[in-house]
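**Student:** Residues 1185 to 1314 in this note's numbering are what the sequence shown lists, from first letter to last.
Do not take every clue at face value.
What the hints assert, rightly or not - Listed next, with one range per pair, are the computed distances between beta-carbon atoms:
id, residue 1, residue 2, range
1, Q1249, G1204, 22 to 28 Å
2, R1222, E1199, 39 to 45 Å
3, K1268, K1242, 33 to 39 Å
4, G1266, D1235, 23 to 29 Å
5, A1196, R1234, 20 to 26 Å
6, G1266, N1221, 33 to 39 Å
Keep in mind the hints are simulated off the structure, nothing from the lab. All residues carry an ideal CB built from backbone N, CA and C; glycine is no exception.
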Amino acid sequence: MNKIQIIGRLTADPELRSTGSGVQVCSFTVAVNRRFNRDETDFFPVTVWRDAAVNCNKFLAKGSQVGVCGSLQIRRYDDKDGIKRTAVDLQADEVEFLSARNEATATQGKTNSNSPVDELEPVDDGDMPF
């Protein structure tokens, strides 16, 4: 079984491109702090395909917090000098946006102009069981 889950922040804005056949692909890197040593960080290159790629490009930016589930893809190749290299990439099955692109986007559409804060009714919490 090849399954990985990470939560971290984008190190740069995502990059959207298309394959020769027109399939959308988005790439970005996620920085993840280590669990027991917060001074160390791992950097995971992530690849997202099709509609999810378009959404990632539209709603994510440098510093956005994301949760990513997918599988690790390990490729071995020879570089232009003939040196053997290894590339590791997280092929995303799911990307969850844990923060918005900016604060304006985070609050957009969530305010209700019919009930301003100063018109809220106080609640008597004396009967609450906790």
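**Student:** None of the hints should be skipped; say for each whether it holds.
**Tutor:** To see whether the hints hold, each was checked on the structure:
Range check, Q1249 to G1204: about 33 Å between beta-carbon atoms, so the 22 to 28 Å window is missed. Judged by the Cβ atoms, the range 39 to 45 Å given for R1222 and E1199 is violated: they are separated by roughly 28 Å. As the Cβ distance of K1268 to K1242 is approximately 38 Å, the hint placing it in 33 to 39 Å holds. A hinted range of 23 to 29 Å is violated for the C-beta pair G1266 and D1235, which are about 39 Å apart.
In this structure the hint that A1196 and R1234 lie 20 to 26 Å apart at CB holds, the actual value being about 22 Å. Distance hint check: the CB atoms of G1266 and N1221 are about 37 Å apart, consistent with the given range 33 to 39 Å.
Hint violations for this structure: numbers 1, 2 and 4, all remaining hints satisfied.
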